[in-house]
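Residue numbers (this note's numbering), protein chains in the order written: chain C, 1 to 963; chain A, 1001 to 1112; chain R, 2001 to 2093; chain G, 3001 to 3540; chain Z, 4001 to 4120; chain H, 5001 to 5158.
The reader is advised that the hints may include incorrect statements.
[Unchecked claim] No more than 30 Å apart at the CA atoms, straight line, and that leaves these computed lysine-lysine pairs for BS3-like: (1) H:5151 x H:5049; (2) H:5047 x H:5151; (3) G:3529 x C:914; (4) C:677 x C:914; (5) H:5146 x Z:4110; (6) H:5047 x H:5058; (7) H:5146 x H:5047; (8) H:5146 x H:5058; (9) Z:4110 x C:677.
Keep in mind that the hints were calculated from the coordinates and are not lab data. Fair warning: this is a prediction, and the values are worked out from it, not measured in the lab.
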Amino acid sequence: MVVILPFVGSLLTAFLLRTNSRLLPASIAGFVAATVVLMTAALYPSVANGGVVRFEIEWLPQLGVNLNLRVDGFAWLFAMLVGIIGVLVVLYARYYMSEEGPVPRFFSFLLAFMGSMLGIVFSGNVILLSVFWELTSLTSFLLISYWNQNPAARDGARMALTVTATGGFCLLVGLVILGNIAGSYDLDVILSSAEAITAHPLYLTCLILILLGAFTKSAQFPFHFWLPNAMAAPTPVSAYLHSATMVKAGVFLLARLSPALSGTYEWFMLVGLAGVSTLLLGSYFAMFQQDLKGLLAFSTISHLGLITTLLSLGSPVATVAAIFHMVNHATFKASLFMAAGIIDHETGTRDMRRLSGLLRYLPITGRLAMVASAAMAGVPLLNGFLSKEMFFAEAVETHANSWLDTATPYLAVIASAFSVAYSLRFIHSVFFGPPPMGLPNQAPQEPPHWMRFPIDFLVIACLVVGIFPNFTIGPFLHAAAVSVLGQSTPQYSLSVWHGFNVPLLMSLVAMTTGCAIYVGFRSYFSRCEGTPVFRHLAGQRIFERVLVTLSWRWARSLESRLGTRSLQPQLRWITFLGFLAAFLPLYLAGFQSRMLSPSDLDAAFLGIWTIGCCLAIGTAYLAKYHRLAALVMLGGVGLIVCITFLWLSAPDLALTQLLVEIVTTVLILLGLRWLPKRVGDLKDEMTFRARFRRFRDFVLAAACGVGMAFISYAVMTMTVPDTIANFFLNNAYTQGGGRNVVNVILVDFRGFDTLGEITVLGIVALTVYALLRRFRPAPDSLAAPEQQQVQALFDEQQPDRDAGDTVRDYLLVPSVIMQWLFPVVITLAVYIFIRGHDLPGGGFSAGLTMSIAFLLQYLAGGTRWAEDRIRVLPLRWMASGLITAGGTGIGAWLFGYPFLTSHSRYLDLPLIGKVPAATAMIFDLGVFLLVVGSTVLILVALAHQSIRINRIRAMDEAKEGAP
Amino acid sequence: MELVLSAAIGFMTACGVWLLLRPRTYQVIVGLSLLSYAVNLFIFGVGGVKSDEPPLLTEGASVALLADPVPQALVLTAIVIGFATTALFLVVLLASRGLTGSDHVDGRSDPR
Amino acid sequence: MSAIILFTAVSVAQLMLTTAMAISSVRMFYGPRAQDRIVGLDALYVNSMLLLVTFGIGTGKTVYFEAALVIGLIGFVSSVSLAKFLMRGEVIE
Amino acid sequence: MIAWPQHLIVLPILIPLIAGAGLLFIPDRQRSVKAMVSLAATIALGAVSLLLMAASGESRFGAVYLVGNWAAPFGIVLVLDRLSALMVVLTALLAVPVLSFALARWHSAGAHFHSLYQFLLMGLNGAFLTGDLFNLFVFFEVMLAASYGLILHGSGPLRVKAGMHYIAINLAAALLFLIGVSLIYGTTGTLNMADLAERLPTIEPDRRLLMEAGAAVLGVAFLVKAGMWPLCFWLPSAYSVAAAPVAAILTLMSKVGIYIIIRLTLLLFAEGPSAGFGSGVLLYGGLATLAFGTIGVLASQALGRIGAYSVLVSSGTLLAITGLHDEAATSGALLYLLSSTLTLGAFFMLVELVERGQDAGASVLAVTMELYGDADNEVPEEGQGTTMPATLAVLGICFASCAILLSGLPPLSGFVAKFVMLSALIGTGSVGSSPTGGALIFVTLVILGGLATLIALTRAGIRAFWSSIEGTVPRVLVMEIVPIMLLLTITATLTVKAGPALAYADAAVRSIVDPGIYIKAVQGVAPQKSRRDHTAAPGE
Amino acid sequence: MIYSAADIPVWMAVVVAFFVLAGAALALIGAIGFLRLPTFYERIHAPTLATSWGTGGIMCASILFFSVAGGRLVAHEVLIGVFITVTTPVTFMLLARAALHRDRFENNPKVPRRTGPVKL
Amino acid sequence: MLPYPLLTVFLLVMWLLLNRFTLGHVLLGGMVAVCSSWAMAALRPDKPKLRRWYLLPKLFGVVMLDIIRSNIAVSRVILQGRAKEHRSAFINVPLELRDPTALAILSIIVTGTPGSAWLEYDSRNSSVLLHVLDLVDDDEWRDLLKNRYEKLLLEIFS
Ligand code: NA
Ligand code: NA
């Protein structure tokens, strides 16, 4: 419920997008956040003594991933942190956010983020945790890019998202591995199977992946660079996400999983190395920042490194210290960010070089900031001091026998010194010194009281915790520690004074050195551009360069290298892979075909195919320059194929092939007119590449040819004992009522195929029609063909001739013959149709014949003449055909049979006798109608282009003539 | 028969593939036609080839010797679909030629 | 006896017709003009039609007749279209 | 007499057929009538498919329908099991919103949009339902023919060029399909998938080898459709230039190839002498596709191309999973299939709306000219779109959802599906077992793919929504944005109801991994008692 | 319907064989002429051998064979003859005309001119 | 009802030749023939005025004989090859025939006969250009065309 609430609030706020007020969304947000705090607080009694509160909704029970919430001490403490700081940030933002912006959006995102964060904290299931994990990445993206007009905000947001989402993906995989090692994704199970996990061969992989997730989120070196860039976000966002909560998710996760993962050498080295280097580098970089928020960001990085280092040590006390420091850091850093925001808000700049002596204008804010900075620097009596002391104490102790362990105390002191230096710099350069010159806002003044209230609150918290740790944070910290460490929770003391010991000495050294550094390098700090020594280690630049190179340059060149946009290579691939697909299985298995036995060789058949092959080669040879010749020869090949079908017992195929051949030839001829003139036999010089291409294609073609020949021989000489054909042969007459088995298969046994096939024809006709409606020929095809121009000119030049005489005379006699053939061909079509069920023929051949009858009339008289006399409405034919065929099938339902069940009987007609009648005939009629419609539509649509072009030409000429 | 037919299929496949890989749209459409001849014959052949045994039933005759009607039915479907797609490809290549002014398969206008 | 006579005659006729087809296809390939190629195609159609009829006589079946009939009646359509294309540069005006 | 509900199985094919044909009777001028008829048919299709899905879950195996009342290996059977029901439902779920999107303007950009659309649905459903290899070819062709028409819908140089490539490639693939099918028939003597699976173990070795060669050739044909590298180069161009609703519905097309591959590999090569045939190719081909798609996504600037390459990413993922032969991962893959198809469908439509703002609809239509037959002008009604103030916000939210879904970020269904696959592959349950090398590469690539998608989409999204200085808000109709939101809502439902969805997917996978169930179901159905009476026929 | 060659008397077989061979021979001669004749206008005469009595012979053979073997008049071959006779001239006329056009356009002196030159 | 009786009869005969001669086929064929004739009527061709149609068989016989004769002649020309020089030539024949159908029949006769080819009809001059493979005498050819065929055709179509 606590988790859901912010999301509900978020949605609610999102619906307020149109309001101009910032009060309403802010109040909703504040109310929600406060409720969250109260509800969480109410859970305290149940978790105080190591208790756990659970709540579960089923989501993916098969994989053991459910909406499984689990609150223990640690989660509770963290949730309180999220909630309280959330309330404060909302309050602060209510004043901070300008009214011009889409404020409801801001609060909506903020609440969504809060929910996601709480989700991470409360997840009792690691997968659920990673879900919320990525949600925080997404919401933070939206929050950082809140001022999306600003390129820096966009880039910063994108970088943050890219880095943290990458980490999130890694984390997911790591958690999946972890879950699989443990046998469950349940957090409790995972935490209790530490031995199995650390002993597993995938432990290291899993650890690295999880650490990647945690480190990216918590801005650990070398993934720290996104955080400073995320400072383009509005300050409340920085205060909330980038100091108090989201960046803590990484260390939270480390702490959460440390019982299961820690304690190994790998853990110590990986986590420790990252932690120490982050600690050191973060503080080092922070000293040289000129931007207030930049300084705070690097400081945050450094403190996160501190927490990570603590967690790397793996000792119980270190873990307690880590948890403690998470809380402490959140309090002082959030207040510092808010103070920086106020400074920015009031003065208009965050550049420390321009700021100076602000204590005069912002006395209260300044003092609050000083206290918070002191806490950051680890000054005694403040909460920062306590956790830092614990850190020093732990650093000194020996945990692992390695150089890193030895170096840690020294590095810790150095980093601490740096942090003193930058804290000093923050305070001194901003609040002290001469009054500022040339600020964008000339008169900075204290903000409204309620805007400052969050800072007041947090700084007081720093003080109270720093002075009375045992009464304030003590019990909560204990509950958290117990829930993480369980039985091994150590005895620790939170008192301010432990006596004079090594950690105190280290603190003193760091304090003094820090002051010395600041005093020594003060002027250098304010002059420097970027960070010395590590200037070129600008993570951001490297990241961007890598990203651009990887995701843009390499990707583009790889895309063009691995892919293509041309057709030829693609077809080459397809043929090549098709060849391999057939070749490899046979080759690898050592397929042996039987001996080639010269089966009964028919001389005429051999002769026919000798011709056929020659024609095929001729076609291939002539297709480039002699299109018409190639078409003629292609027609020859088609004819040979047709003879072959007939020769080899397939009269139906022969008939169909023949008709299709004729129609196809006419079709291609109709198209030929629109292709460019090709000047024959221009032997273009062949480059080596072109030669190579040709050679390669030749080899491929030959290989495919040989392969097909081989396979077809192998399969032809192979007898299959029980094919389904036997059933058809035995039942075509008794069950299907036809003697032509092929036709019975087509209209009855497999009529469904035919239904689909005629649909294809219909679709193609529609497509052709649709495409040709927008057809525009190339400019060089626009003119009438040369022959027509010559003939028209001749008619024009001869005094005794009228325009069009030549063509009229030319067609006079042939067209008479073609007209008289019209009824004859129709009769033939009817004949072919009627006999189909018993003998070669059928709806398809009949339909083609019928359309050839129409075609002949178009040929004889031209489009206008033909359409003046016979108006074919192809769409009607097609639709009727499809509906007839489909309707015949549906008709079977009326008799309780499945779709397309045929029925046939002999009708006893007077005078005539018994006549076979089958519903399959009606189906075939549908086929006939559709074929006529489609074929005519295709032919006519193409033929119409000539007329259209005349019209276009006329229009163009009119246009030219007009001006 | 089988030998001649498979050689023929091989020949037509080779010519068809060769044309299919050429750069001119017209060559491609002719190549596709040749290939579909080859494939149709191939489908036709997989049932085994028999001369003079068309699958037409006659009273009292044995059906055992008749040619396999299934591949024939499949080829019929394939012929129809092949016809349709050839028509379509033709129109598309015309449209492409009209819009790009070139009959290159990629619409390029350079001669090679 | 009649079977032998017929078989021989049909086989020889088929060979002759095949040769005729081969010759026609030579013209189809060499031209020299488009007209020659088209006449070649037409001749190829006619000769193959005759071949089919002899095949029918040889096998004693009438079912091969339809293909021949179709060639006889509409086989000319493709050559007519080709011819018209040559004359007018366009098949259907 | 068979029970009426049995006929429902054939309805997903018949409704679009009759609707598509009937629409031809309505003249082009009565566009709104056409639109209503088409929409009604599609909605009816949706209702039927949901009924079918419910029915398929009732028994252990769905149902088998003998078209033409012929017993199994001889006639054509339609097989409804959970998997095919799922695909049919997916088709309808995508089809209804896409059609309503198209009704806003795209349906008038060319002739016969509605008929072609219906025929496409018919082909898709037929391909999903059929249990016969050659019938599958026929429905593939129906689907492809309609897709040719739809890809060219709206015409214009880009579409025509991409369409030509698409057609040429698919024609070549269709030839391979035919070669494969006929080789299978020639070596086994059957076309029925169940019968084939039953015969396969017992045929002698040399026939089996040839059959495998046939299956491999067939596989190449499917892989062209599925878009496996290096057979996929046509896909980005074709999908990115197609009209938005067309591209949206075409996202299903690549899934058909995958569906068939899943079905056939599990049916034919799950066990017996040919077990595991081709799985290496699927796995490594799938991985290559995944990698190529990822690269393409990164390398693309235009949103349309990003979407198209995402189709490849999704194909690659599914192919690789199929090649891995892991039951649990396969059910994850089914979820992934659902999620990615719906998302990409939404994405393609969204892209058009987003880009409309940038490119003033210039790409919408090529030159309109006077037409063959009746000379009605076909200028789509511009100016109906009102500029909604919240338009950008809504588009932005949709875009973000698509980005989250496509990159597999939590919490939406893209993540759920990916997680199920990863979880399965990394090896749930078997403590101590390590995943295979292929699985590890797969996991890596899937993660990288998600990341690349995220990078590319944020880059593109920022450019589209935030960087436009002018901020020209695209003119968008409510009826255009609602379908997109509907699709996204479906994915959201899928997220919330992930448990039941996964349970369904598990059941679907369980019912296909055991070929025996399928074979028994198909062969167990006897035809109705015949009424044919030819025995009394007079002789010729 | 299947008719066996053994069903017909020998003399009939001889007659049928004659017609078949005569038809085929004419077709072959036509083809040879088509190959060998020097100009196109001459060449188009040759194939008409095949379309006239080439076809005629083989059709007669077919009619005789099937009628005698089947015991009833089967004359559908007549149709083929008629159709071939009617349709072949269409092609030849159109082609010859196209050739004429071409020759005139190329100013080939061997063909008769139209009345008047054509200049494009 | 029957726009072209002769055509209808021809179609019926065609149907019966294609199928078998039964009552059913006569009826069915009749129906098909009538419908096809109507389809023909839709084309609105110039209706030929057939007068003495009974002369058609005579024409048929004459042509058959001529074709046999010319078959032999042309075969000889081809087979003898270079040995016998033939003289091919173009001739122009003026015609009185105007009816398109009659012209069509004439053209079929001329082209169908080996050795002669119908090249070009000029409607202005009403003349036809023929090509003859082996021309012995121009006038003999003109005479053949005009007296043997055209006269008969003029009688049939008047
Ligand atoms: Na300063
Ligand atoms: Na002649």
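Verification of the hints:
For the proposed pair residue 5151 (chain H) and residue 5049 (chain H), the alpha carbon gap of about 15 Å is at most 30 Å, so the pair holds. Between residue 5047 (chain H) and residue 5151 (chain H) the alpha-carbon distance is near 20 Å, which keeps this suggested pair within the 30 Å criterion. The suggested pairing of residue 3529 (chain G) with residue 914 (chain C) holds, with an alpha-carbon distance near 25 Å, which does not exceed 30 Å. Between residue 677 (chain C) and residue 914 (chain C) the alpha-carbon distance is near 60 Å, which puts this suggested pair outside the 30 Å criterion.
Among the hinted pairs, residue 5146 (chain H) with residue 4110 (chain Z) is consistent with the structure: their alpha-carbon atoms are about 26 Å apart, no more than 30 Å. Of the pairs offered as hints, the one joining residue 5047 (chain H) and residue 5058 (chain H) holds, with about 22 Å between alpha carbons and a cut-off of 30 Å not exceeded. Of the supplied pair hints, the one linking residue 5146 (chain H) and residue 5047 (chain H) holds, its CA atoms being roughly 23 Å apart against a limit of 30 Å. For the hint pairing residue 5146 (chain H) with residue 5058 (chain H), the CA-to-CA distance comes to about 16 Å; that is within 30 Å, so the pair holds.
For the hint pairing residue 4110 (chain Z) with residue 677 (chain C), the CA-to-CA distance comes to about 28 Å; that is within 30 Å, so the pair holds.
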